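*Asks:* Required output: the full structure, derived from the provided sequences and hints.
From first to last, the protein sequence lines are chains A and B. In terms of the numbering used here, the first sequence is numbered consecutively and its last residue is 379. In terms of the numbering used here, the second sequence is numbered consecutively and its last residue is 379.
Derived by calculation from the structure, the hints in this document are not laboratory data. Just so you know, not all the hints are guaranteed correct.
One copy or two, it doesn't matter: identical chains are merged, so the pair holds either way.
[Said to hold, decoys possible] With a straight-line Cα cutoff of 25 Å, these simulated DMTMM-like cross-link-like pairs (lysine to aspartate or glutamate) come out:
hint, residue 1, residue 2
1, K70, E260
2, K181, E260
3, K257, D280
4, K181, E114
Since this is a predicted model, take the numbers as computed values, not measurements.
Now for the letters of each chain:
Protein chains: 2
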Amino acid sequence: MKKDGDIFRFASNEFSEKSAARLSNDSFLRALFKEETAYTPIWLMRQAGRYLPEYRALRERVGSFARLYKDPELSCEVALFPLARFPLDAAIVFSDILTIPDAMGLGLSFIENEGPKFEYPLRDERAIRELFVPDPFDRLRYLADAVSTTRHALAGRVPLIGFTGSPYTLACYMIEGGISKDYRFVKTMIYDRPDLMHHILDVVADAALSCLNAQIESGAQVAMIFDSCGGVLSTAAFREFSLPYTRRVVAGLIKEKEGERIPSIIFTKGGGAWLESIADTGCASLGLDWMTDLGEARRRVGGKVSLQGNLDPQALFAAPDRVAVEAVKVIDSYGPDATGLVFNLGHGVSQFTPPEHVAALVEAVHRYTRKPKSTKKTR
Amino acid sequence: MKKDGDIFRFASNEFSEKSAARLSNDSFLRALFKEETAYTPIWLMRQAGRYLPEYRALRERVGSFARLYKDPELSCEVALFPLARFPLDAAIVFSDILTIPDAMGLGLSFIENEGPKFEYPLRDERAIRELFVPDPFDRLRYLADAVSTTRHALAGRVPLIGFTGSPYTLACYMIEGGISKDYRFVKTMIYDRPDLMHHILDVVADAALSCLNAQIESGAQVAMIFDSCGGVLSTAAFREFSLPYTRRVVAGLIKEKEGERIPSIIFTKGGGAWLESIADTGCASLGLDWMTDLGEARRRVGGKVSLQGNLDPQALFAAPDRVAVEAVKVIDSYGPDATGLVFNLGHGVSQFTPPEHVAALVEAVHRYTRKPKSTKKTR
Numbered sequence: 001m002k003k004d005g006d007i008f009r010f011a012s013n014e015f016s017e018k019s020a021a022r023l024s025n026d027s028f029l030r031a032l033f034k035e036e037t038a039y040t041p042i043w044l045m046r047q048a049g050r051y052l053p054e055y056r057a058l059r060e061r062v063g064s065f066a067r068l069y070k071d072p073e074l075s076c077e078v079a080l081f082p083l084a085r086f087p088l089d090a091a092i093v094f095s096d097i098l099t100i101p102d103a104m105g106l107g108l109s110f111i112e113n114e115g116p117k118f119e120y121p122l123r124d125e126r127a128i129r130e131l132f133v134p135d136p137f138d139r140l141r142y143l144a145d146a147v148s149t150t151r152h153a154l155a156g157r158v159p160l161i162g163f164t165g166s167p168y169t170l171a172c173y174m175i176e177g178g179i180s181k182d183y184r185f186v187k188t189m190i191y192d193r194p195d196l197m198h199h200i201l202d203v204v205a206d207a208a209l210s211c212l213n214a215q216i217e218s219g220a221q222v223a224m225i226f227d228s229c230g231g232v233l234s235t236a237a238f239r240e241f242s243l244p245y246t247r248r249v250v251a252g253l254i255k256e257k258e259g260e261r262i263p264s265i266i267f268t269k270g271g272g273a274w275l276e277s278i279a280d281t282g283c284a285s286l287g288l289d290w291m292t293d294l295g296e297a298r299r300r301v302g303g304k305v306s307l308q309g310n311l312d313p314q315a316l317f318a319a320p321d322r323v324a325v326e327a328v329k330v331i332d333s334y335g336p337d338a339t340g341l342v343f344n345l346g347h348g349v350s351q352f353t354p355p356e357h358v359a360a361l362v363e364a365v366h367r368y369t370r371k372p373k374s375t376k377k378t379r
Numbered sequence: 001m002k003k004d005g006d007i008f009r010f011a012s013n014e015f016s017e018k019s020a021a022r023l024s025n026d027s028f029l030r031a032l033f034k035e036e037t038a039y040t041p042i043w044l045m046r047q048a049g050r051y052l053p054e055y056r057a058l059r060e061r062v063g064s065f066a067r068l069y070k071d072p073e074l075s076c077e078v079a080l081f082p083l084a085r086f087p088l089d090a091a092i093v094f095s096d097i098l099t100i101p102d103a104m105g106l107g108l109s110f111i112e113n114e115g116p117k118f119e120y121p122l123r124d125e126r127a128i129r130e131l132f133v134p135d136p137f138d139r140l141r142y143l144a145d146a147v148s149t150t151r152h153a154l155a156g157r158v159p160l161i162g163f164t165g166s167p168y169t170l171a172c173y174m175i176e177g178g179i180s181k182d183y184r185f186v187k188t189m190i191y192d193r194p195d196l197m198h199h200i201l202d203v204v205a206d207a208a209l210s211c212l213n214a215q216i217e218s219g220a221q222v223a224m225i226f227d228s229c230g231g232v233l234s235t236a237a238f239r240e241f242s243l244p245y246t247r248r249v250v251a252g253l254i255k256e257k258e259g260e261r262i263p264s265i266i267f268t269k270g271g272g273a274w275l276e277s278i279a280d281t282g283c284a285s286l287g288l289d290w291m292t293d294l295g296e297a298r299r300r301v302g303g304k305v306s307l308q309g310n311l312d313p314q315a316l317f318a319a320p321d322r323v324a325v326e327a328v329k330v331i332d333s334y335g336p337d338a339t340g341l342v343f344n345l346g347h348g349v350s351q352f353t354p355p356e357h358v359a360a361l362v363e364a365v366h367r368y369t370r371k372p373k374s375t376k377k378t379r
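*Replies:* Laid out in structure tokens, this is it:
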């Protein structure tokens, strides 16, 4: 693998449009804004992940996941891996949603086969009252640098997505101390001490917003919010503890930079019942999990937002020709006119996915949706 | 604990109405049929489980979970545990959904803290082609006996629920060999060899139906189908691999026994998007998970079926007074007139639930919903 990060060191993270080429492929941005595109753009959540042998090799060499995302040049190298293999229409900064709680002092580590762990989970009121919003250009400098490095390395090839966890999702990990099966501590707090939960969410929302805006200032062209845990809430609890804080992040986002609009995408795993409310936050697009019917989602909220999704990630275990068939089913379920659709999986790529199946997917989506005569316009 | 199972040995499982008292509390049956009741009946999924110290003590003494449910008298004793503590309005036979695949020869065992494991998961075509429907009065005799023993011990106090896993859910466990995080083998089969999956479902549907009918013949007054895994399917896959087989079970159920109608309940965890189709199977009632809004579910399918649910099981971690508040919120979300509502959790009781919180819940539901003047009628 060519390691070309060294030339991308900047004194400032203020990304300047002049320093990078204009976008040569803007289909992703256009689809997010429901504009016409020559074909349906595709990118995949976790597209730069463990299913790629080059990723596994680099991680082995470097020694840990954290060393990869904390080094802007390595982060950039990883973010570009899938683009070297597949003609994807977007890149996403290689990082982790838990960098924010880590910067808040919770002591993040990643244990092999166990996932993330916090040394200091939020379990007592004093620690909760002491929570603070970290400076995204100080404690999260490496993330801002990863964004600007990756943006420059992309050189306008495709747009770059910056991201954060939703305040509720970040709070879940902060309280449980890692991945949880039953969210016992979170739920106890929600039902017993909702005031404490609201205080955490209040601080975390400000932290998530400042971190995502820092990524935009550093060159991210799209802002994505992952509400991975929101779907475990009751409808009433979702409306109280997740939605208002995600809305606050969306409302505070930088909306335009150097003449280009910055669209935002909200992905709520298990949030199919609440699409209308999520679309009302002011985001440009909704990411859909694979349980949600794309056609029905379009009827419900397609007038307001574009949609991104939603092939079952496990469909990629099937043989390449079957993968293509399933991809076409997803596109057809959206309706005859695919305007406003970004193809994606309904969740992240599984580590067990053969890369050649991903190649078959990308090829199938582009081939099936490409219009007979090009209607592509320059932006 | 009084162990009174010894007097309930029968030569035949054909339960005779004459041999048991008539129901003294029929509020659960009436609510399932959307008839008026004096208060909203309540029972809890997994109400006879590990959160009860008497259960843990008995299991410790007996040595394993399987020994409990395979012995009709012990199964009966466990099923009655929660009724001795709380004025619940229904009992459920104490067993496991995986008894059916076990009887099909897959070799079930339960490993401490790991859950169920099959010695022979379905991984090759030959084994799949050899699947057979077990005789429920032979290989599952212990289950039929547990039902009749429990029904007699209840002596008409409350109705007894018999149950099965849905064909799709049973197939999931049979293919994965146990609990799965990603359903890798199932999904590969669904997308790669749908013909094999349909063959498994075909046999399992017959097995589930004959097992559930055997429970009805043995004295079960309500038939429940748990589709615990259906919610991990895409809408298209749910309509192809789960729903038709559940519908076939419902269609084949014994509908009336000795002059009493036998209602059926379908619980699909994560199935909120598909309520209309599930209600169309001909079941009497839908069990709802806690993510589904009860009021909205009622607007969508309340004309057709009664509803059962749906407090977040984790709300029981809160203090008893908070539990009561949350219970009232759930009841209010159903609407001012609670006809056709059976109170339950949105999933099984967590093992970490303090029993006194369950007591507070049952008390709150009964107190809040009891009508000023009794309108209770005898059946």
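*Asks:* For the identical chains here, do K181 and E114 meet the 25 Å Cα criterion within one copy, between copies, both, or neither?
*Replies:* both (12 Å within a copy, 13 Å between copies)
*Asks:* Please sort K257 with D280 into within, between, both or neither, judging by C-alpha distance up to 25 Å.
*Replies:* Intra 23 Å, inter 51 Å, cutoff 25 Å: intra-copy only.
*Asks:* Have a look at K70 and E260 and pick one of within, between, both or neither, based on CA distance no larger than 25 Å.
*Replies:* neither (28 Å within a copy, 67 Å between copies)
*Asks:* Up to 25 Å between alpha-carbons, please classify K181 paired with E260: within, between, both or neither.
*Replies:* neither (41 Å within a copy, 41 Å between copies)
The structure shown violates the earlier hints numbered 1 and 2.
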